[in-house]
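*Asks:* First to last, the sequence lines map onto chains A and B. Counting from 1 along the first sequence, just add 89 to a position and that's the residue number in the numbering used here. Counting from 1 along the second sequence, just add 296 to a position and that's the residue number in the numbering used here.
Any given hint could turn out to be false.
Straight-line Cα separation of at most 20 Å, SDA-like style, residue types lysine to any residue; simulated pairs [unchecked claim]: (1) A/Lys91 <-> B/Leu553; (2) A/Lys185 <-> B/Thr561; (3) A/Lys91 <-> B/Thr561; (4) B/Lys556 <-> A/Gly387; (5) A/Lys91 <-> B/Gly558; (6) B/Lys317 <-> A/Lys91; (7) A/Lys187 <-> B/Lys317; (8) A/Lys209 <-> B/Lys317; (9) A/Lys147 <-> B/Met398; (10) A/Lys147 <-> B/Ile302; (11) B/Lys556 <-> A/Gly113; (12) A/Lys209 <-> B/Glu383; (13) B/Lys556 <-> A/Gly132.
Treat the hints as calculated values from the structure; they're not laboratory data.
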Amino acid sequence: MKALDQVSISIEQGEIFGLLGPNGAGKTTLIKILSTLLLPTSGEAYVGGFNVVKESNKVRRVISLVSGGETPGYGILSVRENLWFFSQLYGLSSSKAKEEITRLTKDLDLGEYANTRMSKLSTGYKQRLNFARGLLNNPKILFLDEPTLGLDVLTSKKLRGYIVDWAKREMKGTVLLTTHYMAEADEMCDRVAIIDRGKILVCDSPLKLKEDLKENVIMKVEVSSVQADFGFMDKLEGVVGYSQTRSIQTDTTTLKVVVRDEKVFSKITSKLQEQKLKILSESKAEPTLEDVYISLVGRGFEEDAGATSA
Amino acid sequence: MREQLIHNLRAAYARLWVRVKGGNREPQWLIAEMIIPILTLSAYIYMYKTLEAPPEFTGFVIIGGTMIAFWSNVLWNMSAQFYWEKETGNLEIYFVTPISRMAILLGMALGGIVNTTLRATAIMVAGILVFQVPLVINEPFTALLMFFLTITALYALGMLFASLFLMYGREAWHTANLLQEPVHFLSGSYFPKSLMPDMVQLVASLIPLTFGLDGIRQIVILGKGFSDVWIHLVALTVFIIILLPLAKFALDYMENLGKKEGRLTLRWQ
């Protein structure tokens, strides 16, 4: 099985580019190849104009990588000490390192924890430290691999805002972001590539991708019972795709379905009623990037439970 | 070229600094790392006293216990280190920065030497004072040279192991365990190696610690000089000449293999 298959993308300088896909889609594999951590079995990749295989050290001079759910550093050292250590891996002089550490700890609200041991930080503050570490060398290209994984809403928002400012307002660099959070890609990215099972399915601005869906109708329906069977929709003509979210707490299933026209949806509601399922609510929804994915693949992200993480 | 060298030296110093700072921040660690070896060597010394062994045996045990501290450090803080770095996500960061991986290994080794020398000195001083071991050092420079070559050879071996363990998961832990006690035994840490059969001594001669330990004992306990231990010095130099380039080769090879197989950053194996 190929982790990546015929992937071809080009990212412009200063762009925030998103790779959106479920777990196991190949996002992390791609980012690891581009950040010189993995060798591609075939094909070529260039980062900042340098070949990732033949000129890997030149690539490393212009990049940085921040991964979500990671806590690189040494728990026994303080925030400042960890950042000083990482600054030396990029060859920063003592004065430059001090200046960057002060600026980044202030910008990322880490100032009051500068002398706190990393092991005593909360997950959110550890990730702020990880971001500060990733920006120490002022990279031209920043790779963010699921950077807000496991973070609370406020921290995620803060970090997303900071990166957008860094890339756009300060025009400091290009960002390649991998995420499976639709809203994150929608909020941050100039362009998004949707990737599934190693293949890029579509690549455009979030706005354009959603506009292309406008010829379809997106309906959201909540039905009683978590055991509802929607298999009939696979054979129903006019159904582009659907996703389902089951809630054990409320014993309900929320179905999101992309259909060619509203008449198809009435067939769906009849089928649901035939199953003696009570329709608790139904509404028309505005297209999101998730709907773009559903329309391309025929299923939602959560239907990929069998897939493994790349 | 000069800029690259300075960059790598900065990285090596930073890694050394982390090790020294981290290793001495928790007083409990520091005390445990000094007390436990003293208890072990005390047990051997009392056993030899009970058996009415020659008095030099006490000095042999103290030197052995001191040098074993370096071997333990090489195994657990050098060889298996990349395994821990991988688990914490640090290895990934090392590999996306534009530094020589040898700079990291060098920093780890130098930091380990600083930390262990502090502990080993305390163990030796405590042992000598408590058990009243007379040192007969006629050639201090030869003693220092022997110590320097022994430590360099040991940490060069540690750098090689670290490279080989780069891709491993839990096996690194088990392999380090597997290497600990046999080396304690074969190198003659707590008894003179001359007591062992010839075949065992031959196998033991493949371990740098064996030469270093025997050489240091001869110089500081038996009062011997350069003319008696020159073969030890040559053997240790040969170890260094072979092990350092081999470590670099192994590191490059394993990094490349790890990148091909995708195992460089694969955790919880």
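*Asks:* Each hint needs a verdict: does it hold in this structure or not?
*Replies:* How the hints compare with the structure:
1. With a CA separation close to 18 Å, the supplied pair A/Lys91 and B/Leu553 stays within the 20 Å bound.
2. This hinted pair does not check out: A/Lys185 and B/Thr561 have alpha carbons roughly 30 Å apart, beyond 20 Å.
3. Between A/Lys91 and B/Thr561, the direct Cα distance comes to roughly 19 Å. Compliance with the 20 Å bound is thereby established for this hinted pair.
4. This hinted pair does not check out: B/Lys556 and A/Gly387 have alpha carbons roughly 33 Å apart, beyond 20 Å.
5. Distance hint between A/Lys91 and B/Gly558 is fulfilled; the C-alpha atoms sit about 13 Å from each other, no more than 20 Å.
6. In summary, the hint linking B/Lys317 to A/Lys91 is not supported, as the alpha carbons are separated by about 44 Å, beyond the 20 Å threshold.
7. Distance check on the hinted pair: A/Lys187 and B/Lys317 sit about 18 Å apart at the alpha-carbon level, within 20 Å; holds.
8. Only pairs whose Cα atoms come within 20 Å are accepted, and A/Lys209 paired with B/Lys317 is accepted, the gap being roughly 17 Å.
9. Simply put, A/Lys147 and B/Met398 have alpha-carbon atoms about 18 Å apart, close enough for the 20 Å limit, and the pair holds.
10. Of the supplied pair hints, the one linking A/Lys147 and B/Ile302 holds, its CA atoms being roughly 17 Å apart against a limit of 20 Å.
11. This hinted pair checks out: B/Lys556 and A/Gly113 have alpha carbons roughly 19 Å apart, not beyond 20 Å.
12. At roughly 19 Å between alpha-carbon atoms, A/Lys209 and B/Glu383 fall within 20 Å of each other, so this suggested pair holds.
13. Between B/Lys556 and A/Gly132 the alpha-carbon distance is near 14 Å, which keeps this suggested pair within the 20 Å criterion.
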